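What the sequence shown shows, in mature numbering (1 follows the signal peptide of the UniProt record, and there is no 0), is residues -19 to -1, 1 to 293, in sequence order.
Derived from the structure by calculation, the hints contain no laboratory data.
There could be a bad hint or two in this list.
Across the chosen pairs, the derived CB separations fall in these ranges [what the hints assert, rightly or not]: (1) D258 / T279: 16 to 26 Å; (2) A287 / L51: 38 to 48 Å; (3) K119 / R237: 42 to 52 Å; (4) D16 / G252: 17 to 27 Å; (5) R48 / T268: 15 to 25 Å; (6) K119 / D270: 36 to 46 Å; (7) A287 / K30: 15 to 25 Å; (8) P271 / Q109: 42 to 52 Å; (9) N20 / P90: 28 to 38 Å; (10) S85 / R179: 37 to 47 Å; (11) T123 / L182: 18 to 28 Å; (12) S85 / C254: 23 to 33 Å; (13) L51 / R237: 34 to 44 Å; (14) D258 / A140: 47 to 57 Å.
No more than 27 Å apart at the CA atoms, straight line, and that leaves these computed lysine-lysine pairs for BS3-like [unchecked claim]: (15) K137 / K115; (16) K30 / K288; (17) K115 / K53; (18) K18 / K30; (19) K30 / K115; (20) K119 / K195; (21) K137 / K283; (22) K30 / K211; (23) K119 / K53; (24) K211 / K283; (25) K18 / K53; (26) K137 / K119; (27) K211 / K137; (28) K119 / K18; (29) K195 / K30.
Just so you know, these numbers come straight off a predicted model, no measurement behind them.
Using N, Cα and C, we set each Cβ at its ideal position, and we do this for glycine too.
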Amino acid sequence: MLAVLPALLLLLLLSSRSACGVFQKLYCSFSDSCDFKPNIRDLEWDLYKNVFGQHLAQDLVAEEVSRFLLNKSPDRPLVLSFHGSSGTGKTLVSTMLGNHLYGSAMSSPFVHQFVPALHFPSAERVAQYQAELKNWVKGNLTACSRSVFIFDEMEKMPAGLIDVLEPFLGPSHVVFRTNYRKAIYVFISTAGQEAIHRLILENRRAGRDRDEIKPSDLQEVVQQSVYSNKTNGLYLSSIVQQNLITRFVPFLPLTRTHVERCVRAQLCQRGSCNRDDVVEAVGGDMTYDPAEGHYFSTTGCKAVAAKISFFL
């Protein structure tokens, strides 16, 4: 009798032409649930309250994630590529995304983060990494179609590795009724920062406010810069060439005002909101570029915590 069960299960699965058969429906229900608890309103609030100086990133991430999740049958996954200098909020935003989709980003089994130095340390083992990454993504999407994959420090990613994801990012991939099109991918990189800085500096010298900069001003510039940057994991990538990235999200360099807002926010977390002296001291102790104008912090908000501890 036991020997007949696999055949019966297979027959039941194959007999249904509907979206989910008897057993497929149970599988699909499990695959789609994944403890998925999206709260777009809280994501938007978190972005606007706690990410400083990034009106483009705030708008683009909020709009694209909202549009994607409202579509019950998306024709392809959501693929966001974050670009900008260190300390501008790229990793912070990716963490917020995980938090407001699953309640806790890095502790959720459905949010997966990859760091080249840890997961792909050797450029000589690209073929092995490609096979492992493909199987990992496929396995996790089979378990949960709403999986989130975050690839940090793309500028350190071995060349050609990320292209193994191309079949997962297009509009046609479905495996055992698990919809690959419901996943979210985030690439994080400093690639493109020179192009972003150049445009921001030109705007400043022309007397234009940085808040007047529109996504269209940087979208193509960043895409071309990333595609032609030899030290970036998306260099000459088929993912870029096939237009499989939903949005290139530019993170702008931060001014002293933005850095001081970071200082104030972190001081408040420590119960010291009124320490104007520390805000002023940390803001003045940062390194800015270009030196003659003191326009942009070279480290963004990354060094703020250490400097606060020094001046408190």
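Which numbered hints are broken by the structure, listed smallest first? Violated hints (numbers, rising): 4, 5, 9, 11, 19, 20 and 22; every other hint is consistent with the structure.
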